[in-house]
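A.B. asks: What follows is the residue order along each chain.
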Amino acid sequence: MVFSKLIGAITSALILFIVASCVDGTCYDDTEAFAGAAFFSGSAQKSPTTLTLSGSGMEGKIYNNKASVSLALLPLDPKVGGCSFDITINGTPDNITLNYTATPLMVSGDCGYTFEYSLISVASTNNIIDSVVITNTRASISNEENIRIYY
Amino acid sequence: MKRISVYIISVLFFLPLQNLGAQFNGNSSNTDSVSVPLNIRIGFDIAHPILYFIDNNALTIDGYASVDLDEKFTVTFNSGYSDYGRNTDGYDFSAKGIYFKPGIDINLLKPQISAGKYWGGIGLRYGVSAFTYETTSFTQTNYWGNTEASIPQKSAIGHYLEVAPGFNAKITNWFTMGWRVSMSKLLYSGGKDNIRPLYIPGYGQSDKGVSFGASYYLSFSFSYKTIKAKYKEDNAGAGYEKYDEPKETTDSNSLF
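Note that the protein sequences, when read in sequence, are chains A and B.
The first sequence begins at 199 in this note's numbering and counts up by one.
The second sequence begins at 296 in this note's numbering and counts up by one.
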């Protein structure tokens with residue numbers, strides 16, 4: 199009786215081992231940290247009618263005249279300590295600059311490494327934007343709100 | 296490649312069981328105690344070196360020493376060295392170091408079955424690894440282009456618990472062989488949260504909640520003492536029924 203239980207336990211352990219050995223190496227996690235920007239008009243959250251966003255000096259657009267963006271995800275450049283974005287809210291252009299420190303982050307063996315950021319300061323021009331404030335300094339792969347853009 | 300290695304281990308897995316099967320089929324005893332030699336074993340694992348030739352991510356040299364305290368409990372001490380490297384498109388990681396796993400083995404076979412020759416049960420270990428690890432390079436690609444970086448070498452001490460069921464058989468007076476599977480739970484990786492070591496010697500990949508492993512040990516063994524182990528005369532725990540001789544009844548009222 200005890201022996202049969204033992205054989206059962208060992209067989210189960212062996213099956214678990216084989217199953218664990220056969221798991222493929224595909225990454226299913228998010229691997230890029232963004233700074234999340236929420237839009238506010240007064241004290242109420244209000245998505246812009248249209249939003250266009252690109253990195254300053256970059257050709258590609260992150261958002262191109264996109265409607266109803268409640269949380270814009272701003273990719274940060276880990277090579278430098280800050281980067282600027284050209285942002286157009288409802289057709290009016292502005293510029294936002296974020297300063298931060300980048301820290302390596304191990305996601306998993308399958309996904310490898312990425313960077314997460316600690317926001318230090320933010321500044322903007324004031325054509326349509328009234329102000330920009332940091333609400334959460336840690337920009338991680340969970341894509342939460344980090345800054346609020348008041349316009 | 297991993298499938299081939301699992302097949303090889305599976306073949307080795309059943310080899311010692313054949314001896315035990317013979318023991319079950321051919322042995323019965325009417326006594327309520329049995330002589331059990333207590334053994335000292337010193338062995339090394341051959342599964343990991345074989346796996347290294349198939350898939351050379353990790354070279355692990357593992358050995359152990361154990362002393363039977365009685366017919367049920369054995370004190371064990373595993374230790375080893377591991378040199379791990381993982382090179383992918385996104386990063387190059389390496390870790391190497393030593394580990395120690397003191398623990399206890401519990402023999403679940405009854406003494407009349409094990410008889411000091413067979414061990415089948417569960418081992419419990421506390422593992423400690425002292426190692427260094429580094430990420431010589433990794434690449435991240437995003438909107439701003441490629442970023443290459445590295446993480447310099449760090450030292451760490453990891454802690455984990457291990458449950459290791461298995462089986463071994465004494466093939467000759469001096470030679471024992473058997474296998475173990477192991478399931479380990481990491482208690483502390485030794486690294487900072489954001490740059491934990493991907494691999495811990497003796498444990499395995501640290502990003503899994505539970506790490507699985509398998510070993511096949513060849514051991515030098517010898518008996519240092521023999522004890523008498525008592526047992527209840529039941530079905531010997533082996534699933535076979537003891538054959539009772541028909542009794543010769545004497546009835547005084549009977550003519551025959």
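These aren't lab readings, by the way, just hints derived from the structure by calculation.
Hints are not guaranteed to be accurate.
As the list claims (entries may be wrong) - Computed far set for chain B versus chain A, every beta-carbon distance over 12 Å:
1. S330
2. N334
3. N351
4. G358
5. F372
6. R381
7. P397
8. I399
9. A444
10. W469
11. I490
12. L493
13. T521
14. K523
To be verified - Here are the simulated DSSO-like cross-link-like pairs (lysine-lysine), alpha carbons at most 30 Å apart as the crow flies:
15. B:K449 / B:K391
16. A:K277 / B:K487
17. A:K277 / B:K412
Think of the CB as a built atom: it goes at the ideal place given N, C-alpha and C, for glycine as much as any other residue.
A.B. asks: Hint by hint, note whether the structure agrees.
C.D. replies: Against the structure, the hints:
1. S330: 20 Å, holds
2. N334: 19 Å, holds
3. N351: Non-interface label on N351 of chain B holds, nearest chain A Cβ at 16 Å vs cutoff 12 Å.
4. G358: 21 Å, holds
5. F372: For F372 of chain B, whose nearest Cβ neighbour in chain A is about 22 Å away, the distance exceeds 12 Å, so it holds.
6. R381: Per Cβ check, R381 of chain B is inside 12 Å of chain A; nearest 7 Å; violated.
7. P397: Fine: 21 Å to the nearest Cβ keeps P397 of chain B off the interface.
8. I399: The claim holds: I399 of chain B sits with its nearest Cβ about 16 Å from chain A, beyond 12 Å.
9. A444: Since the minimum Cβ distance to chain A is about 6 Å, A444 of chain B lies within 12 Å and the statement is violated.
10. W469: 26 Å, holds
11. I490: 5 Å, violated
12. L493: Check fails; 5 Å does not lie beyond 12 Å.
13. T521: 23 Å, holds
14. K523: Holds, because the least Cβ-Cβ distance between K523 of chain B and chain A comes to about 21 Å, which exceeds 12 Å.
15. B:K449 / B:K391: 11 Å, holds
16. A:K277 / B:K487: 22 Å, holds
17. A:K277 / B:K412: 63 Å, violated
Against the hints set out earlier in the document, violations occur for numbers 6, 9, 11, 12 and 17.
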